[in-house]
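Quick note, the sequences are listed as chains A and B, same order. Note that numbering that gives the first Met the number 0 has the first sequence beginning at 0, numbered continuously upward. Note that numbering that gives the first Met the number 0 has the second sequence beginning at 0, numbered continuously upward.
Quick caveat, the hints were computed from the structure, so don't treat them as lab data. Just so it is clear, CB atoms sit at the ideal spot from N, CA and C, and this is done for glycine as well. Hints may contain errors.
Facing chain B, from chain A, some residues (calculated, C-beta under 8 Å) [said to hold, decoys possible]:
1) D138
2) L440
3) Y462
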Amino acid sequence: MKTDVLIIGAGGAGLSAAIAAKEEGVDVVVVTKEYPTRSQTCMAQGGINAALGNVESDSVEAHIQNTLKSAHGLADEESVRYMCEAAPAAIAWLESIGVCFSRTKDAKVAQRRLGGASAARACYAQDYTGLKILHTLYDEALKKEITIKNEKILLELLQDESGMISGALFLDIRSGAKERYFAKSVILATGGYSRIYGKNSTNSIKASGDGIAVALRAGAKLLDMEFVQFHPTGLKNSSILISESARGEGGYILNSKGKRFTNELAPRDEVSTAIDAEIKKGEDIFLDIRHLGEEFINTNLPQERKLAKLYESVDPVSELIPIKPVAHYTMGGIEVDNNSQTNLDGLYACGECSNHRVHGANRLGGNSLLEIVVFGKEAGVHAARRAKSMESHALASTKDDFLEQEFANELDFYASREMMGDILYKKVGIVRCERELREALAFVEESITKLPLMGPKDKSERYNTNLVEFIEFRNMLDVAKSVIKAAILRKESLGAHRVVEE
Amino acid sequence: MKVSIQREFDFIEYDVDMNDATLLEALEYIKANIDSSLTYSSACRSGVCGSCAVRVNGKESLSCAHKLEDGDCVEPLKNVPILRDLVVDMDRAYATNAAAKAWLQTYNSEAKLTNEDEQINAIQSDCILCGSCYSACPVYAVNGEFLGPFALTRVWKFVSDKREGEPKEKIDIIQTNGVWDCTLCNECTVVCPQGISSKADIEKLRVKSSQFGYMDPNFGSFGGGFDGSPTF
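Given the sequences, and given the hints that come with them, work out the whole structure.
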């Protein structure tokens, strides 16, 4: 198949890119390993930042400064400024395509204050901001008649002799066939890599960093991979997120002795670090909202009560909620320039798989949804313009023969995958030391060499999720390796990367 | 605990030693430990991505939101082609959104939405497109072209939105294989994990259709055909 712009990933970033590229007048094809509305974007709850000043005085400058402060000096000011200045127009655009934002009494888009913000800046849509933005982008993509190909997982980027990216190879999950898509520009919008932490992550099980791993194998540069944001209040067993509002409304964090040990309203990384220290002392940690009362909980935290009952079998009205900090967002990603272009000619990236240098060492709440819209559109425009400047498609053949080998199936990759998640959580988690990082690296490198001894047990051509999960596991190992290597190289603590001497 | 799952050719019973687990956790356990060929869909694990809808004991449920009980019987959704085991092909179901033109056609930038306006379609925009309503809808048994519950709920979402400058166009589209084909049986409401009632939205669209001059075609022919015999 041939198209002008090929977009891989159909979450908020991919769809924003697709709409923008289509508006430039080129042919667009979007390929996703799921369906668009099932992407990670739907899980974002908090909001999307824009200094609109709808409920209290605010300024773009304050948004920029809050973002830079949270980034601990690692963000690029020009890039941050671009995003924050573009934010009001991004909200206006989302408004114009029908996003059902919550409203103020005087008919403006409602805003609330998230951690680290100097004003109420996050526009929200009840508790479903990401869901409603994602679904509205999907509606708009249908309106624009954008071609969306579902259930095809990326295997490899196609490169011509000069190294230029000219398309991609996918596995059609339904048929098991490999399919080549040729394009004049390719945009990766494949999401983050929090799932390298296995079950210790709030993320969708599909957040396996496929695009990053595939781009890395094609020669793309990655940037700041060691920065992973841990959310302090994941449910202990399932890692399902209990939103920040539980603390915002007055919830306490307690240890096994029933004692509070941290300021619950401090930024995420501080609270996570304090909890981690207690856990390492052997304490179990709980979120306590009992004192807020049943009526208040039902009115203000209904979602949290439902999740705790369903996934942890406790009723927060009368019981403590067992929690632990879990991987939530990955700041690192594929390095891109101001046009969202990677170091590989013809390859662009946007969303959580990319690093636009706006989150630095720690992302500010409410900036991830903003990033996917602003830089998604940006990537779409630039990729489309490049496609228009090219006369013909470059052709290339595949090089990655990983799946062609005979897999011995002596080792169970599900067991290795579970070990990877737990080892990374323990040794490449909230607080890191060089010895443990090297131990984790040794495990990951050994696992990579053992992949031929693993392999999918299910030999079905048709809808083989065992094979898909094996492909994702390989991707996660490659991404984990780059995370650990970057973490070893950064000797000083910075933002979400905390180093201790032994 | 025993759980029976409809596989390609037959139901297979699995014995899992899990307490307080969701069905999705049981499926994950079976795949990783008992049978790697078991095929199902999932993503967010927390009821918001709409990937994991199946039928449990005959009723549509999200796997991630169903607490496993001994003897549970799990089947794929209905009215959609089965790809493998519990995975169904949603392409045609989702195509109803495009067929119904479920999007904001013409933006009326003058419209100012208030708190009350927000409430009008807040719940309709909670839809996660899990397909439960599509599976439960009996109209598909007789009319494969029916736009169906979730697409019509989306249409109502936009028709009821003051920002939509041309609601009439949407109303025109849903006259055929749309609002009048629904039997108002309410099955869609019963199975919706988000508490949405497509049946109620369809009734509102019928009222709106009447306001635009459309009549219930079933009502119009009531009283008999040309030969005097009753038609229904």
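**Report entry** Structure versus earlier hints, numbers of those that do not hold, lowest first
**Finding:** 2
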